[in-house]
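Full structure from sequences and hints, please.
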Amino acid sequence: MSERRRKRSIFDLMSEYMEEFEALADELIEGTFAERPSWNTESCCLEPLCNVFVTPDEVVITVDLPNTEHETLKVEALSEDLIEITARMKRKMRFADFGITHREGEFSSFRCQTRVPVSVDTKRMKISFKHGILEIRFQRKRGHEIKVE
Amino acid sequence: MSELVKIVEKKPIPSGATMLYGLPDVGLVGLIATSYLISELDLEEIAYMDSDLLPPVVVLHDGLPHAPLRIYGNKNFIAVISELAIPAQALHTVMRTLVDWGETKKVKMMVSMGGIPIENRQVITDLKVYGAASSKELLDMLSKKGLSILKEGYMVGPQALTMRYCAEKKISAIGLLAQSFYNYPDPEAAAMTLKELSKITEVKVDVSKLLEKGEEIRLKARDIMKRTQQEMTRMKKSQEYDLPLYV
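Protein sequences, first through last, are from chains A and U. Position one of the first sequence corresponds to residue 7 (this note's numbering), numbered consecutively onward. Position one of the second sequence corresponds to residue 59 (this note's numbering), numbered consecutively onward.
Worth flagging that the hints you see were computed from the coordinates, not collected in a lab. A quick note: this is a predicted structure, and the numbers were derived from the prediction, not measured. Worth double-checking, as some hints may not be accurate.
What the hints assert, rightly or not - If you only want the chain A side, here are some residues facing chain U, beta carbon under 7 Å, derived:
(1) N57
(2) P72
(3) K136
For each residue, glycine too, the CB sits at the ideal point set by N, CA and C.
Here is the structure:
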C-alpha cells in the first residue's frame with residue numbers, strides 16, 4: 007500500500023516540476039514581448055513589425071513599413087547594439103480609421119528600436135527599401151582565427 | 059465533439075458546401091484571403107466557437123460582443139476565420155472539432171489557404187502557389203490546374219492538422235499555399251491564393267480591391283501579426299524549414 011503511494015507521488019512530483027518549468031518558459035516568452043501597446047499617442051508613433059536575423063557573416067534587420075514616405079526614412083545607431091528606425095507615414099492615421107471610438111489620438115510616423123544580439127560594425131550598413139520593406143544589413147565583427155592542431 | 063470546444067450554431071448551416079479555413083498563420087495569408095472573401099461574397103455569420111481553451115478575448119463589432127473564431131456562410135460556402143491567434147496547445151482540439159463539425163454538415167471539400175515562408179520574398183514579384191491535398195486524386199487534380207505539389211517536407215499548424223484529419227476521415231481537403239513573408243502580413247500572397255481558389259472551386263472573386271487596400275491591410279494587421287508570431291514560435295513553425303530525413 008505504501009509502495010503504491012510512493013510510486014504515485016514520484017510521478018506527481020515529476021509532473022509538478024514539468025508544469026513549473028513550462029510556466030517559467032512561458033513567462034520568459036511573454037517577458038520578451040512586453041505587454042504594451044504598439045501605438046504611442048504622446049509621440050504619435052506606431053510601432054512597425056521588425057525582425058532580426060543573424061547569419062554567420064551579417065545581421066539583417068527587416069522592418070515592415072507600409073504607407074511610408076521613402077525620403078523620411080531614418081536609421082540611427084543609438085549605441086553599439088541599439089538601432090532606431092523612424093519614418094513618416096504618407097497619410098496620418100487616427101484611432102477612428104481603425105474603427106476605435108473610445109480612444110483619441112493621431113499617428114503620423116513609425117518608430118521602433120531593436121537590439122542587435124551580436125557585435126556588428128554599425129558604421130557600415132547597407133540599406134534597401136523595396137515594396138515597403140526596409141532591409142538593413144550589418145557586417146559582423148570578426149575576431150581572430152584559431153589554428154586547428 | 060469534445061466538451062472543451064463547442065461550435066454554437068446561430069443560423070441553419072448549408073449541407074454539401076465548400077468549407078474554407080482562414081486561420082492566422084504565416085503572413086496572415088489565410089486570414090486576409092478568407093476575410094476578403096467573406097466581405098466580397100457578403101457571407102453572414104452562421105456559427106461561432108465557444109471554448110475555455112481559448113483566451114478570454116471578445117471582439118467588438120458595432121458595439122456588440124462576438125467570439126473571435128467565427129464561421130460565416132451562404133448556401134455554397136462556409137468560411138472559418140479567427141481574429142485571435144489560436145494558442146498552440148489548443149490547436150489539436152480546435153481543429154479536430156472544426157473538422158468533425160464540417161463532417162456532420164457533409165461539406166464537399168475543405169480548403170485551407172495559407173503561406174509558405176520564403177527568405178527573399180521582397181524581391182519576388184511573381185508569387186508561386188503550391189498545393190497540398192488529402193488524397194492522390196486531389197493531388198492529381200491540383201497538378202492538372204497548374205499547381206506545384208509539396209512532395210516531401212514538414213507542415214506545421216492548423217492547415218497541417220486539417221489535412222491529416224480529413225485524410226483520416228476520407229473528406230476531400232486541399233491546401234493552397236502561396237509564397238509569402240513569414241512574419242509580415244502579405245495581402246499579395248492572399249490575392250494569389252484567391253486567384254488559384256477561383257480556378258479550383260466555383261468561387262469567383264475580383265482581387266483588385268484587395269491589392270489596392272494592400273498597404274492599409276498591412277498597417278492594420280500589425281498587432282494580430284505580432285500575436286500570431288508568438289503562437290507560431292510556440293508551435294515550432296520553423297520546423298517547416300527543416301530538411302526531412304527521408305526513410
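A quick look at each hint next to the structure:
1. Using the Cβ-Cβ criterion of 7 Å, the hint placing N57 of chain A at the interface with chain U is satisfied: the shortest such distance is roughly 5 Å.
2. Satisfaction of the interface hint for P72 of chain A is found here, the shortest Cβ-Cβ separation to chain U being roughly 4 Å, below the 7 Å cut-off.
3. With 7 Å as the threshold, the beta carbon of K136 of chain A comes within range of chain U, its nearest partner Cβ sitting at about 5 Å, so the hint holds.
Checked against the numbered hints given earlier, the structure satisfies every one of them.
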